[in-house]
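Visitor: Below, each chain spelled out in residue letters.
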Amino acid sequence: MASAFDRIADIIAETSDVPREKITPEAHVINDLGIDSLDFLDIVFAIDKEFGIKVPVEAWTQDVNAGRTPAETYFVMKNLATRIEELAAAKPAP
Amino acid sequence: MRLEYFEMIDRVIAVDDDRLVAECRVPPAAGNPVFAGHMPGFPLMPGVLLIETMAQASGFLLARRLGFSRMPLLASVKEAKLRSLVLPEATLEVEATMVHEGSGYAVTTARITSNGKRVCETELTLRALPFPSPELAQLLRDRCRALGMTVPEAA
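Residue numbers (our numbering), protein chains in the order written: chain B, 1 to 94; chain X, 1 to 155.
It should be emphasised that the hints constitute simulated quantities derived from the structure, not laboratory data.
Keep in mind that a hint or two might mislead.
Said to hold, decoys possible - 30 Å max Cα-Cα, derived DSSO-like pairs, lysine-lysine:
#1 K22/B x K78/X
#2 K78/X x K49/B
#3 K78/X x K54/B
#4 K54/B x K117/X
#5 K49/B x K81/X
Extracted from the complex, chain B is given alone in its bound form (with noise of 0.2 Å):
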C-alpha cells in the first residue's frame, strides 16, 4: 500500500487545484498549497474516510491558537502524514 504521505497528497491534488508534483514532504498545506479552509474540509472528509479515522482538527486549531504547539506541526506535509499515520495505528480493531 502506497504510503500515508502518498496517499494525502492524492487526496489533496484530487480535491483541490494543486498540482501533484507541488505537495512535497516541506510543503505546508496553508503556506504553501494555499489550502483554504473550506477545501481543508474537504480533504480532512476525503483523509477520515481513507484512513477510517476522525482527524481532530479543532483540537489542532485550538493548540496552535494557543501557542502550545507550532502549526507546522500538524500542518507541514510530512508532519501531517505522521499524526495522520499516529491516529491511523490507534485506532481500535474492528
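Use these hints to put chain X onto chain B, whose structure you have.
Guide: Chain X only, in chain B's frame:
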C-alpha cells in the same frame, strides 16, 4: 414554511442520531413577498430555498447529535439536483441523513420529496461552531422544540 423568515420546516416527524425527517408546506402565493419576485406571474419556490430547507434539516440533525452545544452552519453544497418545480401550497417531506461527523464539521445527504415524487437532493457539509451568544443557542433549542424535537435544557 415562512419563507421571508427562513423558517423552512414546519414539523419534525422523526429523528435519531443519523436521520431526520420533517414536513413543510409551501405557503400560498397571494401576498407572499418571495413569490411576488420569484416570479412575477409565475410563483415558483426558489431552488436556493429548497437547498436551504435541506440545510436546515441537516443542521437540526447535527445540532441534536451535538447536544445543541454547537451552531451548525452551511459550508458547502455538492451535486445539488433540482428535479421538479415546486409550486405554492405544495406539501414537502425533507429527509437528512448523517454521512460523517468529523471534528468541527459534518457531511450529510438530504433530499426533498412531494407526494412521493423526487424534488431535489444534495450532499452538504456543515461546520459546527461555538454559538456567538447564549441567546442564539437558546433560540435554536426553542426552535427545535417548536418543531417537535425533544431538547434538553441548557447545561
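Visitor: Within a Cα-Cα threshold of 30 Å, do K78/X and K54/B meet the stated pairing?
Guide: holds, 21 Å
Visitor: Given the hinted pair K49/B and K81/X, is their alpha-carbon gap at most 30 Å?
Guide: Distance ~24 Å between K49/B and K81/X Cα, so the pair holds.
Visitor: Take the C-alpha atoms of K78/X and K49/B, compute the straight-line distance between them, and say whether it is at most 30 Å.
Guide: holds, 17 Å
Visitor: Is the hinted pair K22/B and K78/X satisfied, with a Cα-Cα distance of at most 30 Å?
Guide: Distance of about 26 Å is within 30 Å: holds.
Visitor: Can the restraint linking K54/B and K117/X be considered satisfied, given a maximum Cα separation of 30 Å?
Guide: violated, 36 Å
Consistency note: the structure conflicts with earlier hint 4 alone.
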